[in-house]
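Undergrad: Chain by chain, the residues:
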Amino acid sequence: GNASNRCVYEQPVSFSVSYSEIYLIKCSLFIIHVSVQVQQILRERFCERRLPDRLEGVEAQYKHLLELLRRTAIHGESNSVLIVGPRGAGKTTLLQCVLRDLQKEEKVQKNLLQVHLNGLLQTDDRIALKEITRQLHLENVVGDKVFGSFAENLAFLLEALKKGNRSSSCPVLFVLDEFDLFAHHKNQTLLYNLFDVSQSAQAPIAVVGVTCRLDVLELLEKRVKSRFSHRQIHLLSSLNFTQYLERVWTQLSLPDSFPDKKFAQEWNAGVKTLCEDKSVEEVLQRHFNSSKDFRSLHMLLMLCLSRVSVAKPTIKPADLLEASRMCFADTTANMLHGLSILELCLVIAMKHLNDVYEGEPFNLQMVHNEFKKFLHRKSNSMYNFEQPVVMKAFEHLQQLELIRPVDGSSAKVQREYQLMRLTLDHSQIMEALQKYPQCPTDIKQWAMSAFG
Amino acid sequence: MECVHIDFIVCFWSSRNEKENWKVHFYSFAISVEGLSKIIINTGQDIFIEGCDEDNPYVAKVTRLYGDENGQQMKAVVQWFIRVSELPVNKLKLLGREPHPQEIFYYECRNCDNEVNVESILRPVKHLDSNDPFPDSADKDTLYVKLSWDSKVFRVVNSTVVESPAEPAPASSPPSSTPRGPSRRVLPTPDHAIMHKASLGEVGCSSVGTPANVEAESLHSATKLSASKCLSAKRRNATARTPGVRKRLELSSECLHKDFKMQPLCRTREQQGYIYISNTKSSEVENEKSPMVTETPRSSKRKSAMLVSSRIKKQLNLLENHQDPNSSGEEEDEFVPSKNDLLSSSEEEGQDEDGPNIDDQVSAKKFRYVATGSRNSRSKQKSYSSARTQRRTPAKKISPGTPQTPRHATPSIPIRSLQTQQPANILEEARARLHVSSVPESLPCREQEFQDIYSFVESKIVDNTGGCMYISGVPGTGKTATVHEVIRCLQHAADMDEIPSFHFIEINGMKMTDPHQAYVQILQKLTGQKATPDHAAVLLEKRFSNLAPRKETIVLLVDELDLLWTRKQNVMYNLFEWPARRHARLVVLTIANTMDLPERIMINRVASRLGLTRMSFQPYSFKQLQEIIMSRLNKLKAFEEDALQLVSRKVAALSGDARRCLDICRRATEICEHSAADPSSTGLVGMSHVMEALNEMFSSAYITAIRCASTQEQLFLRAVITEFRRLGLEEATFQQVFVQHQALCRIEGLKPIGVSEGLAVCQRLGACRLLLLEPSHLGVLQRIRLNVSQDDIFYALKAD
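From first to last, the protein sequence lines are chains A and B.
For the first sequence, the working numbering assigns the number 1 to the initial residue and increments by one for each residue that follows.
For the second sequence, the working numbering assigns the number 1 to the initial residue and increments by one for each residue that follows.
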C-alpha cells in the first residue's frame with residue numbers, strides 16, 4: 001500500500017493503467033473536489049462566518065436600526081439604542097447586516113467610524129478607553145505620548161469628543177457587545193460619558209448596545225438611564241415549526257451558483273427527502289421544542305455534515321438521528337461509565353442516603369457505613385475494601401465533581417467527616433447503571449431497591 | 001523660622017486721606033533675611049512676590065510703598081505683570097505664537113487687588129525692553145515684556161510704560177473701596193492712555209482712542225507740525241471704534257469736564273515733586289484728567305520724574321553699595337537701557353516720543369509684505385512694536401503665522417468627508433429640534449430657579465466674596481442646563497462690563513476616574529498646570545488661602561457631587577472650605593440628584609461648610625413638559641395637540657424627566673414617518689404614533705419573551721411555579737424543579753429530557769433573566785428564583 005501510494009504521488013501521470021481506470025480516477029477526483037466545495041459552503045454557513053444575504057423574520061427591526069444609524073451617519077444625529085434578545089437570536093447578525101448594507105451606501109461609507117467593544121474583553125473602563133483610543137486611531141495623533149494614567153486617558157477622550165460638533169465631525173459608532181457587563185464597571189463611567197455625549201452637542205455618536213438580558217435597563221444607574229434614549233430593539237422570534245423546517249431545508253441546500261449544477265440538484269433533492277422523513281421530523285421537532293435558537297440547530301447540522309464523505313455524498317436520516325443522539329447525550333451520566341465498581345457502589349450508597357435523609361449532606365463515614373451494610377447483606381461478588389482505598393475512591397469522585405463539599409464546611413474538618421452533596425440526579429445514576437459494561441446484577445438490584 | 005527685618009530707609013511723605021488715617025509713604029526699604037544679605041526694594045523696581053507656585057512667583061512692579069502710622073502694616077501698591085503660566089490656557093492661543101517661558105505680560109485687569117504685604121515680596125528681578133527679541137539662553141531672573149493682557153486680549157505695550165520707573169504716587173485711598181474702576185483709577189500708572197482705557201473697560205483696541213485725546217494730539221501735532229504725527233492722528237481717527245465704546249466715553253466725558261474747572265490745563269513741573277501733601281481727590285482728578293492734557297508736558301513730566309527718581313535711586317544705591325554690591329549692581333543695570341532717554345532734554349524727549357511714528361513711517365514699506373495683517377495691525381502702536389520686533393528678529397519675521405506644534409496635542413475626531421444633510425421635511429426638522437442636544441434659546445419653566453442662581457452668583461462676583469450653593473433634583477430636570485444658562489448670561493454681562501469678569505470652571509464627578517482627580521482637573525482648568533492629585537491639592541490650597549493678588553472670581557460648577565464622596569470626605573471638605581476663605585473669591589455650585597445628600601452622606605463639618613443655600617428642582621409637571629416641547633418646536637406644526645398632551649402627561653406621571661419626553665416625541669416622529677404610505681406626504685404625529693412610541697419605551701418585554709420561548713422553556717417555567725407552590729417558598733433547587741419538569745413533560749405527552757438538556761434550558765432562561773440562578777458550576781444543586789411575577793407567566797402562557 002505504502003509503496004504504491006508513494007508511486008501515485010511522485011509520478012501521477014506516468015504509470016500505465018487502462019482507460020476505464022483513468023475514468024474512475026477522474027470521477028473520484030471530481031467527486032472529492034465537489035464534496036470539498038459542499039463542505040466549505042455549508043460549514044461557512046453553520047459557523048456563521050458568512051452573513052446571510054437577507055434577514056428573515058426581523059425586517060422591522062432591521063429597518064429601525066438601519067434608519068437610525070443612517071441618520072447618525074448622514075445627519076450627524078446622536079443616538080443610542082439597545083438590541084435585546086435571547087442568545088442565538090441573531091442580534092449580532094442583525095447588526096452586522098445593517099452595517100454591511102450601510103457601508104454599501106456612498107454617503108455613509110467614509111462618514112462613519114466604528115468602535116467595537118465587548119464586555120467580555122474590555123472588563124473595565126480603563127481597558128475600554130484604551131481600546132477606544134486605539135480603534136479611533138487617536139494614538140497616532142498624540143505621537144509618542146504614552147498615556148500615563150486612566151484619568152488622563154478619560155480626560156483626553158472626552159476632550160476629543162467635546163471638540164467635535166454635529167456638522168463637521170465624523171460620526172462615531174460605538175458597538176458595545178455584552179452591554180450588561182459594561183453596566184458593572186465602577187460608577188458606569190464609560191456608559192455615562194458615552195450617553196452624555198450622545199445627548200449633548202458634541203461629536204455625533206451612536207451607541208449600540210447588544211445584550212441578552214431583558215432587565216438591562218434596571219442595571220443602569222438613574223443618571224445613566226436618564227441619558228439613554230430608551231430605544232430598544234427586541235429580537236424575540238415567534239417562529240413556528242413549519243418555518244423551522246423550512247429553515248433547516250434552506251440551510252442545507254446548495255445555492256444556484258454552485259459550479260456543478262447536476263450535483264447541486266441531486267444534493268438538494270436529497271435534502272428535501274431528508275426533511276420529509278418522519279423520523280427526521282420527529283428529531284427536529286424535539287430540537288425545536290428544546291430551543292428555537294439557530295445556533296443549536298447549526299450544531300446539529302454540522303454533526304450531520306461531518307458524516308458526509310466522498311463515499312457517501314448525501315445526508316441520510318440515520319446521520320441526523322446519530323447527531324441528535326450526540327447533541328442530547330447527558331454528559332454527566334457519560335462520566336459514570338468510566339467509574340470503577342467501587343466508585344459506582346459509593347455513588348449508589350450516596351443515592352440511598354439522599355433518599356433516606358431527603359437530600360441532607362453526607363460524609364465519607366456515612367457513605368462507607370452504607371456500603372458496608374450492603375456488603376454485609378449480600379457480599380458474594382465484592383470484597384470489603386480498606387478505609388484508605390474507599391477514601392481514595394471518594395476523592396476521585398470529588399475530583400470529577402460528582403460530589404461537592406457543602407459551602408459552609410470548613411477545611412478544618414477531617415476529610416472523612418467533611419459534608420458532601422451529590423451533584424447527580426437519580427435518573428442519571430439509573431441510566432448510567434443500565435449502560436455500565438458488565439455491571440454485577442446484585443449491584444443493579446441494590447441500586448433499584450427502595451431502601452439500602 | 002528665619003527672621004525678616006524690614007527697615008524703612010527713606011520716608012518721603014505722608015498724606016491724609018479723608019477716609020483713612022495718616023499714612024506714611026516710603027520710597028524704599030530694605031528687607032534683611034537673617035543669614036542672608038539685605039534686599040533693597042525701591043519704588044519702581046520689579047519684584048517677585050510670593051505666590052502659590054514656588055517656581056513661578058508673581059511678578060510686579062512697585063509703584064508705591066506705605067505703612068500706617070503705627071508702622072506695623074507695611075504695604076506695597078504694585079502694578080502686576082502676569083506670567084504665561086498664570087494665563088488661562090484657552091486664552092493663550094490668542095497670542096498666536098508660542099510664549100517664551102520667561103515672558104511676562106503687562107496686566108491691565110481692573111478687578112485685582114494691587115495691594116500686597118511687603119512680607120510677601122521675595123526679591124527684586126529685572127525685565128527687559130519690550131522690543132528686544134528673546135535671547136536664546138535665558139537667565140532665570142530676566143523677564144521679557146512684550147504685550148499687555150487685560151483678561152481678554154493681548155496688546156502691544158508702549159515700551160515706555162514698562163521701562164519707566166513709576167513716579168511716586170500721590171496719596172490715594174486704598175484700593176478696596178469699590179469693586180470696579182476706582183481702585184485702579186487712583187493708581188498712578190505712567191501711561192495714562194492705557195490707564196484711562198482700562199478704567200473705561202475698553203476692549204480690543206489699544207490705540208489712544210478717546211475723542212479728547214485725538215483732539216489733544218491733533219493740537220499737539222499742529223504745534224509741532226510733525227508730519228508723521230498728523231498721519232498717525234488721522235490713522236487713529238480712522239481706527240474702528242465700537243459704538244459701545246463711544247457711549248461709554250460720552251459718559252465719562254462728563255466727569256472729565258468737571259475736572260477742567262478744578263485743574264489748570266497745563267501742568268508745571270513743580271507738581272511732579274516728590275513731596276505731596278494733597279488730598280486724594282485732587283490727585284485722582286489729576287490722573288483722570290491727564291489724557292486731556294497735551295502730550296508733551298505729560299511725557300516730560302514722566303521723564304523728569306524718572307530722572308529725579310533715578311538720581312535718588314543712584315544715591316540710595318551708593319549708600320547701600322558697601323553692603324550689597326550685587327544687588328545695587330543689578331539695579332544699576334536695570335536703569336541702564338533707559339538712561340540715554342532719560343538724560344536727554346525735554347525737546348529731545350519729545351522727539352523720542354515721536355520716534356515711533358517716524359520709525360513707523362520708515363518701516364512701513366518694510367513690513368508691508370510681512371504679516372501685519374494679523375490682529376495687531378489696526379493700531380499704530382501695535383504695528384509699530386510688532387514691526388520692530390520683526391525687524392530685530394528676522395527668523396520670526398519669515399514665518400510669523402507658522403503654527404508651532406504644541407507640546408500637548410489634543411486630538412479630535414476626524415472631520416467628516418461629506419456635509420451633513422439638512423432636514424428635508426417638517427418631521428426631520430422637528431426631530432432635529434427635539435434632540436436633547438440641541439440648545440434652546442431659552443429655558444422655559446425654570447425662570448425662578450434661573451433668577452435665584454443668577455442673583456446668587458452675580459452678587460458673589462460683584463462683592464468679591466465666595467459661597468456655596470447646592471442644587472438638587474432628579475435627572476432630566478434641567479439643573480446643569482440652567483446653571484450653564486446662568487453662566488452664559490453672566491459671561492455676557494461680564495463682556496458688556498456690567499459685572500467684573502470671572503472665570504468659569506466645570507467639573508463632573510462622573511467624568512473623572514477618582515474623586516481626587518477633581519483637584520487635578522480644577523488646577524488644570526485654572527492654570528493649565530498638570531500635577532498629581534496630591535500636588536494639585538497643595539497648590540490649590542495655597543492659591544485659595546494666600547492673600548493671593550490679582551484674582552478674578554472663580555465660579556466652579558461641580559456636577560454629580562455624590563461621586564466625589566470619599567471615606568474621609570476630604571475632597572468635598574476642601575471644595576466647601578475654600579469659598580469661605582477670605583481671599584479665595586470662589587463660588588461653588590454643586591449639583592446632585594438627592595435633596596438630602598448633605599444630611600445623608602456628609603459628615604457634619606462638611607455639611608456645615610456647604611451651608612444652607614440650597615435649591616431643589618422639582619420634576620416637570622405635564623404643563624411644563626408641554627411648554628418645553630412647544631418652545632422647542634417653536635411653532636413648527638408637527639404634532640397634534642392631543643398627542644403632545646398624552647406624552648407630557650405620561651412622562652410627568654412616570655418621572656418628569658424632560659429627556660424622556662423629548663426622546664419619545666422624537667421616536668413618534670419616526671414612527672409617523674414610516675407608517676405613512678407615501679413618504680413625501682406625511683401628516684402630523686398623532687395619538688397612535690405616540691402610543692406606539694410609549695409602548696416601545698415603557699412596556700416590559702418579559703411577556704413577549706415568555707410567549708416566544710420554546711416549549712421546553714415554557715414548561716420549565718411552569719415547573720418552577722409548581723415547585724414553588726409545593727414548597728411554599730420562592731426558591732428551589734434545579735433538582736427539585738427538574739422532577740416537576742419531568743412530570744409535566746409526561747402530562748404534555750413530550751419525551752422527557754435529560755438533565756444536561758434541562759440544565760441548558762434553565763441556563764437560557766437565566767441568561768434572559770427570566771430566572772435568577774446561582775453560578776452554573778453548581779449543576780443540579782443550583783438554586784432558582786423567578787425574576788418575573790407568577791401572574792405574568794400565567795398570563796403569557798394562557799394567551800396561547
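Hints are supplied without guarantee of correctness; some may be wrong.
Claimed, not checked - Straight-line distance between alpha carbons at most 20 angstroms, and here's what the computed EDC-like set of lysine to aspartate or glutamate pairs gives:
id, chain 1, residue 1, chain 2, residue 2
1, A, 63, B, 485
2, A, 162, B, 429
3, A, 162, B, 562
4, A, 222, B, 562
5, A, 107, B, 428
6, B, 751, A, 48
7, A, 316, A, 276
8, B, 511, A, 221
9, B, 798, B, 748
10, A, 104, A, 59
11, B, 623, B, 596
12, A, 222, A, 196
13, B, 525, B, 560
14, A, 373, A, 322
15, B, 751, A, 330
16, B, 635, B, 506
17, A, 222, B, 640
18, A, 63, B, 560
19, A, 162, B, 485
20, B, 751, A, 256
21, B, 511, A, 416
22, B, 525, A, 416
To be verified - Here's a subset of chain B near chain A, in silico, CB distances under 10 angstroms, partners left out:
id, residue
23, 422
24, 425
25, 426
26, 676
27, 686
28, 688
29, 764
Don't read these hints as lab results, they were simulated from the structure.
Computed from a predicted model, the values in this text were never measured in an experiment.
Ideal Cβ placement from N, Cα and C applies to all residues, glycine included.
Undergrad: Each hint needs a verdict: does it hold in this structure or not?
TA: Now for the hints, and whether the structure bears them out:
As the CA atoms of residue 63(A) and residue 485(B) are separated by approximately 38 angstroms, the hinted pair breaks the 20 angstroms bound. The straight-line distance between the Cα atoms of residue 162(A) and residue 429(B) is roughly 24 angstroms, outside the 20 angstroms bound, and the hint therefore fails. Between residue 162(A) and residue 562(B) the alpha-carbon distance is near 23 angstroms, which puts this suggested pair outside the 20 angstroms criterion. A distance of roughly 13 angstroms separates the Cα atoms of residue 222(A) and residue 562(B); the hinted pair therefore holds under the 20 angstroms criterion.
With a C-alpha separation of about 18 angstroms, the suggested pairing of residue 107(A) with residue 428(B) holds against the 20 angstroms cut-off. At most 20 angstroms may separate the alpha-carbon atoms for a hinted pair to count; residue 751(B) and residue 48(A) exceed this at roughly 30 angstroms. At most 20 angstroms may separate the alpha-carbon atoms for a hinted pair to count; residue 316(A) and residue 276(A) meet this at roughly 12 angstroms. Restraint check: the Cα-Cα separation between residue 511(B) and residue 221(A) comes to about 15 angstroms, which is no more than 20 angstroms; the hinted pair holds.
Straight-line distance between C-alpha atoms of residue 798(B) and residue 748(B) comes to about 15 angstroms, which keeps the hinted pair within the 20 angstroms bound. Annotation: proposed proximity of residue 104(A) to residue 59(A) holds, straight-line Cα distance about 18 angstroms (limit 20 angstroms). In summary, the hint linking residue 623(B) to residue 596(B) is not supported, as the alpha carbons are separated by about 27 angstroms, beyond the 20 angstroms threshold. Distance hint between residue 222(A) and residue 196(A) is fulfilled; the C-alpha atoms sit about 13 angstroms from each other, no more than 20 angstroms.
Among the hinted pairs, residue 525(B) with residue 560(B) is consistent with the structure: their alpha-carbon atoms are about 18 angstroms apart, no more than 20 angstroms. Distance check on the hinted pair: residue 373(A) and residue 322(A) sit about 42 angstroms apart at the alpha-carbon level, beyond 20 angstroms; violated. With a CA separation close to 15 angstroms, the supplied pair residue 751(B) and residue 330(A) stays within the 20 angstroms bound. In summary, the hint linking residue 635(B) to residue 506(B) is not supported, as the alpha carbons are separated by about 34 angstroms, beyond the 20 angstroms threshold.
This hinted pair does not check out: residue 222(A) and residue 640(B) have alpha carbons roughly 31 angstroms apart, beyond 20 angstroms. For the proposed pair residue 63(A) and residue 560(B), the alpha carbon gap of about 37 angstroms is over 20 angstroms, so the pair is violated. Restraint check for residue 162(A) and residue 485(B): satisfied, since their Cα atoms lie roughly 18 angstroms apart, inside the 20 angstroms limit. Taking the CA atoms of residue 751(B) and residue 256(A), the gap is about 39 angstroms. The hint is violated against a cut of 20 angstroms.
Simply put, residue 511(B) and residue 416(A) have alpha-carbon atoms about 55 angstroms apart, too far for the 20 angstroms limit, and the pair is violated. For the proposed pair residue 525(B) and residue 416(A), the alpha carbon gap of about 67 angstroms is over 20 angstroms, so the pair is violated. For residue 422(B), the interface hint holds, since its Cβ comes within 10 angstroms of a Cβ in chain A; the closest pair sits about 8 angstroms apart. At about 12 angstroms, the closest approach between the beta carbon of residue 425(B) and any beta carbon in chain A exceeds 10 angstroms, and the interface hint on this residue is violated.
Checking residue 426(B) against chain A by beta carbon gives a least distance of about 15 angstroms; that is not within 10 angstroms, so the hint is violated. For the restraint placing residue 676(B) at the interface with chain A, the shortest Cβ-Cβ distance is roughly 14 angstroms, beyond the 10 angstroms limit, so the hint is violated. Of the supplied interface hints, the one on residue 686(B) is violated, with its beta-carbon coming no nearer than about 19 angstroms to a beta-carbon of chain A, more than 10 angstroms. Hint status for residue 688(B) relative to chain A: violated, with the closest Cβ pair at about 16 angstroms, above 10 angstroms.
Satisfaction of the interface hint for residue 764(B) is found here, the shortest Cβ-Cβ separation to chain A being roughly 6 angstroms, below the 10 angstroms cut-off.
Checked against the numbered hints given earlier, this structure breaks hints 1, 2, 3, 6, 11, 14, 16, 17, 18, 20, 21, 22, 24, 25, 26, 27 and 28; the rest are met.
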